[in-house]
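A.B. asks: Chain by chain, the residues:
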Amino acid sequence: MEMNPIEQERSPDIEDFVEDRISVASQRQLIWWRFKRHKVALVATAIVLAFYVIVVFADFLSTSDPSDSEAFRGLMPPQTVKVFDGWKPGLHVCAISGERSKITFQKEYTLDCTEKIPVRLFARGYQYKLFGVIPTDRHLLGMSDDTLRPEDHIYLLGTDKQGRDMYSRLLHGTRISLTIGLFGVGMSIVLGIVLGAISGFYGGLIDNLIQRLVEIVRSIPSIPLYMGIAAAFPSDWSILKIYFAITIIISLFAWTDLARVIRGRFLTMRDEDFVTAAMLSGASQRRIIFRHMLPSFYSHIIAAASLALPFMIIAETTLSFLGLGLRPPAISWGTLLQDAQNVQTIALTPWLMIPAIPVILIILALNFMGDGLRDAADPYSN
Amino acid sequence: MLGYLTRRLFYAGLAIWAVTMISFFIINLPPGDYVTSYVAQLAIQGSIIQADEADNLREFYGLDRPMYVQYAKWMNQILHGNLGFSFEFGLPVNDVIGERLLLTMILAAGTIVFIWLVAIPIGILSAVRQYSIWDHTFTFFGFVGLAVPDFLLALVMMYFAFVMFDFSVGGLFSPEYVTAAWSFGRGVDLAQHMIIPIIILGTAGTASLIRITRANLLDELRKPYVSTARAKGLSETRLILKYPVRLALNPAISMTAYILPFLVSGSIVVSVVLGLPTVGPILLKALVAQDMYLAGAIVFLIGSMTVVGTFLSDLLLVWADPRVQFEGR
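Chains G and Y are the protein sequences, given in the same order.
Note that my numbering has the first sequence beginning at 6, numbered continuously upward.
Note that my numbering has the second sequence beginning at 14, numbered continuously upward.
Don't read these hints as lab results, they were simulated from the structure.
Check each hint, because a few of them may be wrong.
[What the hints assert, rightly or not] Derived pair list, reagent style PhoX-like, types lysine-lysine, alpha-carbon separation capped at 25 angstroms:
no. : chain 1 : residue 1 : chain 2 : residue 2
1   : Y       : K255      : Y       : K236
2   : Y       : K298      : G       : K246
3   : G       : K246      : G       : K134
4   : G       : K166      : G       : K107
5   : G       : K166      : Y       : K298
6   : Y       : K255      : Y       : K245
[Claimed, not checked] Quick look at which bits of chain G chain Y covers, simulated, 3 or more residues with Cβ under 8 angstroms:
no. : region
7   : 224–232
8   : 310–322
9   : 349–357
[Unchecked claim] Some chain G residues judged to face chain Y by a derived CB distance under 7 angstroms, without partners named:
no. : residue
10  : I221
11  : A361
12  : I365
13  : I368
14  : L369
These numbers come from a predicted model, not from an experiment.
All C-beta atoms, glycine included, are put in the ideal place defined by N, C-alpha and C.
With these hints in hand, go ahead and build the complete structure from the sequences.
C.D. replies: So this is what it looks like as structure tokens:
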């Protein structure tokens, strides 16, 4: 059993020991002890980290180039990976072949598990740059070089209408959707800290003005508003430009919440003794705000930010889904889900709905992680 | 009382003014102006306008004047009930929006009623039977409900409705009622078609209201007056419903004001996915086609109606909990 100082049985000598540990522990240590007790939040954090591993290694994990299209292999169903070939281990996927139906003129595919396409780890595939610098063509999964035939392929999650590999596209979409959320949160934090700090530190008229502004912004439905702004981007903008424009727009979704949280903290802390002490010793206002007050609730800001992140992800996904956010060829969860917008596609090609799963998973995980962080953020409260 | 109301009314007015500024800003975002679009539209129909004629038109509409004059003119038109002209539909904006605005509001109002009817009993149950199987089940569904974006929920519901019941979700009326005049039958038809959109829209709100009701009621249940009442032999049902629940409901009311903007936002997206005849799909179409007068008018109408709704729920809160007005804010 690990020593958990907070839940420890209260026998006299252990109590002394516990007291010692708690009184010398740093704030970070206390927060970690507290956070560790929240098991669901721990699991959620692991999931969030796994998603960001995908963000970093999207190319390495992909099986084929996400923008490599081929009309004749459009809308293929997913192929299953099998670890065993009969009794002996042998990684392979089932071959798949398509034929155009004489009745519906749809291409119909059949999985043929007697014909196996061997798959190996660290196989060669398309060229990419690991971390943006190291050129390589190794991928986690891929077809073995020796059995490479032009008609063979692995599409773990099927293909879209243009015959692009959904699995690789999903990984690349994860990269864009999750980084755009992070940048958005970063911007809202800056906006929220500046306005929240001014509001809470100075109080009075300026506080009143900022709070009214926050209230007004909150009472206006955000989606139609930002749809309006997003629709005005010129259609000849590059992907990168639109990416940053969308980041700014989605950062507008959440700054009000952050500004409120930070203002509340500043208000309660303004009258603390250490702030008065700093003032009396002649520290400048900037120094008081940034050196003395802000560090004492970094943890709250982190918790609030991790609760704001899901909003950002939903906002980006929704805007892109409506065709007003990122536009193809940019790949994000929203643009991927655009293909699954009507009943026909959902009924005939349900695998196009798969990008919905990571969206729900990461939002749930971020919410649980944020809840845990929020509870742990104030280690002295209990 | 009066002071509080005047202050709220003043803020509501301020918010609506902000909405008009934003709508006007959106109208002016894309390059070109009303006349450029008008000339382009006439060119499609085959008639060509001379450059000086276009300038005359600009002068007529005041487009050569500074921005604030244009804004004043636009405001003046709006106050007279004229929202401008839609190029995409070739109709005045008023005619395009017409019934759709009413349906949007009915949908939002219906969703709020749904949220209340579902969330409050469940919230009470979860608090009274804390850590029971029901509590855990609803907490879990609550988290999932909060996590799933509206449009995804709409997609998933569409999928299951199709796969399990071979039923296609979409629209707000059966074919025979789409263009019919309002009648009792049409109302019933609308109510039936609204069930699924309301469930989709209401899920997130229901989830958060369950959590709020549960947390507040739990706080109340621990207070000494509850023990006193119990000690005096008051029956459990009466005790809970008469005192703690009443107190726990106040945050539920104030939350209505808070979720209204989210509901309206959500209804836009859900309407696009499900093809509901609300202002949502029209707004999307207008934005994609850069039909800015229509888009601006919709943003303006949705925004100001949300502000009015928020104001109304503030009034409701004062009525339900008179203490609110004394809290100096």
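A.B. asks: Against this structure, judge whether each hint is valid.
C.D. replies: Each hint, compared with the structure:
no.: 1; hint: K255(Y) with K236(Y); verdict: holds, 14 angstroms
no.: 2; hint: K298(Y) with K246(G); verdict: holds, 23 angstroms
no.: 3; hint: K246(G) with K134(G); verdict: holds, 22 angstroms
no.: 4; hint: K166(G) with K107(G); verdict: holds, 20 angstroms
no.: 5; hint: K166(G) with K298(Y); verdict: holds, 24 angstroms
no.: 6; hint: K255(Y) with K245(Y); verdict: holds, 15 angstroms
no.: 7; hint: 224–232; verdict: holds (count 8)
no.: 8; hint: 310–322; verdict: holds (count 3)
no.: 9; hint: 349–357; verdict: holds (count 3)
no.: 10; hint: I221; verdict: holds, 5 angstroms
no.: 11; hint: A361; verdict: holds, 5 angstroms
no.: 12; hint: I365; verdict: holds, 5 angstroms
no.: 13; hint: I368; verdict: holds, 4 angstroms
no.: 14; hint: L369; verdict: holds, 4 angstroms
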